[in-house]
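Novice: Using the hints, build the complex out of the two chains.
So the protein sequences, as listed, match chains Y and V.
Numbering-wise, the numbering used here puts 148 at position 148 of the first sequence, and it's gapless, one number per residue.
Heads up, the numbering used here is the position in the second sequence plus 1000, with the first residue counted as 1.
Since the hints were made in silico from the structure, they are not lab data.
Please note that the accuracy of each hint is not assured.
[Said to hold, decoys possible] A partial selection of chain Y residues facing chain V, derived with a Cβ cut-off under 7 Å:
| no. | residue |
| --- | --- |
| 1 | MET50 |
| 2 | ILE65 |
| 3 | PRO69 |
| 4 | ARG72 |
| 5 | SER73 |
| 6 | TYR77 |
| 7 | PHE94 |
| 8 | ILE100 |
All residues carry an ideal CB built from backbone N, CA and C; glycine is no exception.
Chain by chain, the residues:
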Amino acid sequence: MIRIEQLTKKFRKLFALNDINAQFKKGQVISLIGPNGSGKTTLIKAILGMVKADGGKIYFNDELINGDPSYRSQIGYMPQIGRYPDNMRVGQLFKMLRNIRKVPEDKIDEELIIKFGLKQIFDKPMRTLSGGTRQKVSAALAFLFDTDVLILDEPTAGLDPLSSEILKEKILKEKSKNKLILITSHILSDLDELTTHIMYLQEGKLEFFKEIGQLREETGELKLGKAIARIMKGEKFDSEWIDKMFEIKDEKNSPLRSE
Amino acid sequence: MLKLSKYVFYDIVRSKVILAYTAFLFLVSFSLFNMEENSSKAILSLLNIILIVVPLISMIFTTIHYYNSYEFIELMLSQPMSRRKILLSEYGGVSLSLVSSFLIGVGIPVLLYSPDNVGFSLLFTGTSLTLVFTSLAFLTSVKARDKARGIGFALLLWFYFALIYDGLILLVLFNFSDYPLEKATLVLSALNPIDLGRISIMLKMDVSALMGYTGALYKDFFGSGSGILFTVGIMLLWILLPLWWALRIFRKKDL
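Looking at chain V on its own, in the form it has when it is part of the complex (with noise of 0.2 Å):
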């Protein structure tokens, strides 16, 4: 298996794509560093840049590289090789290749300019996202028969994990004002592993000090050494379910 991941990945390395994504990365963290004299500045306006920079990536280009390998996926499963096998080995050399991508481009500025926890958190955050959207554009993609709807299919998801749902949640907060919610905001939070990774970095900064009860409970939770279990959990949930939903579905699928 591993044999064929590392095709993969040495053919995306290669691509002009993913070097454009890891210079704009890199780039954007440097100049972020030097340009705020507070390193824990840089770092909460980098990963405003990075929740929404990251999951898009990774969803767009994961689904062209699917349907442009559609024709190789197809020459592979001619060969002596489980689907299974064929599939993870994809999500691993696209995984592998974007996750090598974000912590060159940003692992290597946040480890020269703020190297403590709250970088780390950054770092295993973006790491996540990505496989968790690597993971998610794999399904749509083979969920979905044609490039186009496949890509759009990508793109509504990512607008809802960005977007659409810190919108429904704010409703909910709204309308809800009069009930205690810090707990339900705690499971809405996880539902999303975009929020999810937005309050664990969030809440290892100063910034959470001025969110008042709710800040201090998170803070509580979170910091301890369950919160982390809790997100750690939580992020290889949103990996794994949908590879093996992908699965599933591209065992029985023609081709």
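The shape of chain Y in the complex, shown without the other chains (with noise of 0.2 Å):
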């Protein structure tokens, strides 16, 4: 679906992505993992066409993604900040979108919309609502054209845990009908259960592209987030996160949000 070839972006001297080469099919869950400042979300825009490189070819579907918009007609995004206009009413939104991409009645997907309850706030305007809410509204927005590819950057950060586990299951639902999906993310335990490939940059460098299943088979791990880990230790990528990353995970599995 996407494949992308010895992509390189530079900010200034900078590298933010490196010759990257890679190639997404249907039905894979791509987790696109790295410390901050790693190229995921450049990665990203460069796939959107928000940020242009400086060199490599970006094709999808087999065409050379070139300025034309129209391919995008097939992908939902949700971005990591998500800010629209302070009036706007949250219904406002919604209709907007469906008025520019002018999709049939029967392949609109509001299962988000309801599952989230934001059609009760359908007449609020958008600077009122709090910054979960607005990630919940990005949420709907990126499913609600049911498309072929879903790149989701950081989705599940600011969501409540009733939240975040809807919006899982409705990936994992898409994940189902042979979709594409990007996840961008630091929460490795969220991805455990949704990932199929695991993707991982450093310093604008594709370090390794891997299927779950030979990376818990190279660790001898089960868990995504220890697997990831011994691998990182292992060739000394960058101890710091990792050490973060356990502390994240020992939250999570600490007694007070165990349900």
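Specialist: Right, here's the structure in full:
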């Protein structure tokens, strides 16, 4: 579905993306992970055409991405930070996007709108919403058009555990429909149940792109967090980040959060 | 494209800033027309206020709006919409709301008190200045990456066009006063939309009689059909060129 060839992007002297090669296929759920500033969001933005690469090519369904925006009708995107015009009402936002995409009624997927209870706040202006609610709006927008490709940038950050669970279930459901899903996240335990492939970026470089089964086999760990930590510690990628990751994991496993 | 403009317009019209701007223009125009016996005197005072306030508000409002809509523009970019369309729709929405604000705030009082040639050219000048400075503000905001720099740059441009430029012209006129400068100042006035607007209105008023030979020459030119065409044409260039430049930058920009 998406093929990336020798993708390079420089911000001044810093490599944000350094010679990335990868191929994403239908039915895959790819987790993009790596420390802050490793180029995850830049890669996503390059696929969406928001960032213009310095070198390399991206193909979407074997067609080169070069400025024609029509391929984006097959992508649902959930941004890391969702900020919307202050006085626009929630309902207006959904109406506007449906107006822009012109998707037939039967292809509209309102499941998340209903499950997140967004219908009840349709006449509220955007500025009155909390960060978490805005995140729910972003998620509902990404899934609204039943697209073949879903790109989710930190989808569960800022969501309460219940909403986070709803979103994860939805991702699993879409996965079963043979879609391509790209997720970036720092919360590895969230990715555990979803992901089929791991793509690890470090300082703009693709360190590895592996199937989760293979990763588990190689490391002998069942949990994704531990598996990745083992690989990274072995190769000494960025030990500080690993320690932080374990902190998060420990918190998650603590009795306070157990259900 | 109109779809997005429509929603941008809806959003802005409900903001308090634009309501306050409309109310301010309305109050100022109304009180000036009421205070002055002679409506042409009122128009002259109104002109001076409009020439300062309209460019300033247009620039600052547009710049702040652009930076506040940054994430929204990003979201639009993830939709099947070209960058050209997105920026033009944003421009359409912002300029439409500022122009309607001006036409309500100043247009209604002018239509009530002075619905003549001078009044209409005042409305024309105000509308085109709004469009020109919205366009310039889009250029500076697309060019500058962070908000502080963008607003600073916008303020600097406004300062230049509203104040510094006149000082420079005076300097030129003073230093070259031995030469016939009528034609040269005509060209110089075209390089500043605010000056162009001022001259084209002043010459429609009686005060132009006080400006001597130069005034007579200007009146001859700006009063003629080609003069009006010249004013409209230059204003259009001032609207389109910065917008075109902004589009060019925006097309290659990383967001």
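Novice: Each hint should be assessed against the structure and marked as holding or not.
Specialist: Do the hints match the structure? See the list:
no., hint, in the structure
1, MET50, "5 Å, holds"
2, ILE65, "12 Å, violated"
3, PRO69, "5 Å, holds"
4, ARG72, "4 Å, holds"
5, SER73, "4 Å, holds"
6, TYR77, "4 Å, holds"
7, PHE94, "11 Å, violated"
8, ILE100, "6 Å, holds"
In summary, the numbered hints that this structure violates are 2, 7.
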